[in-house]
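Just so we're aligned: 84 in my numbering is position 84 of the sequence shown, and the numbers increase by one with no gaps anywhere.
It is possible that some hints are incorrect.
Here are the simulated DSS-like cross-link-like pairs (lysine-lysine), alpha carbons at most 27 Å apart as the crow flies [unchecked claim]:
| hint | residue 1 | residue 2 |
| --- | --- | --- |
| 1 | Lys37 | Lys62 |
| 2 | Lys134 | Lys37 |
| 3 | Lys140 | Lys35 |
| 4 | Lys134 | Lys145 |
| 5 | Lys138 | Lys35 |
| 6 | Lys136 | Lys35 |
| 7 | Lys130 | Lys62 |
| 8 | Lys145 | Lys130 |
| 9 | Lys138 | Lys37 |
| 10 | Lys140 | Lys130 |
| 11 | Lys37 | Lys145 |
| 12 | Lys35 | Lys14 |
| 13 | Lys14 | Lys37 |
| 14 | Lys136 | Lys37 |
No lab work stands behind these hints, which were simulated from the structure alone.
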Amino acid sequence: MSSPNRRRDLDLTKLMMSDYEVTMDGDSLAQFFVKFKGPSDSPYFGGCWKVRVELPPAYPYKSPSIGFTNKIYHPNVDLASGSVCLDVINQTWSPMFDLINIFEIFLPQLLLYPNPTDPLNGEAASMLLKEPEKYKIKVKEFVNKYASDNTENDESESESDLSSYSDSSDNDDNSEKFPIDDL
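Model the full assembly from the supplied sequences, consistent with the hints where possible.
Here's what the structure looks like:
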């Protein structure tokens, strides 16, 4: 077994032994789903999403692709496909990161600090910038409709490509991020 495969297996085992519910997608260890709950200090609190993770053959040297299978209203998540525009995943991934980092750090930070200056969902970005209270209400509506514990997560699943979105701005230090809890 090669080193990347050992690392993949180790990271997947650690994720499965954590508090996250992991469901394998068939026999492949490279595709699976993780139940992810919104951070408590955000309008996403109470939401429960099914996140699809696809590990490339070169993992951990190449970043995983992640996407939400049930709808989430967020400037940096494509509403139709669930693809996530996440700088750490797309540009700055390092083999030092593991799968737990995605669910304990990267995704919570994305939900807490959306970047409306580099959106995949232009409507959400515009609303966050111009009408932040209305944005929070819309987020909560989506949580209640698509991400409550009793919602069928497959309701909004599609055959769309859930691969990561490549951000062309790299790490633009001038981009402003808006903490949701300050709205």
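**Report entry** Indices of hints not satisfied (ascending)
**Finding:** Number 7 only.
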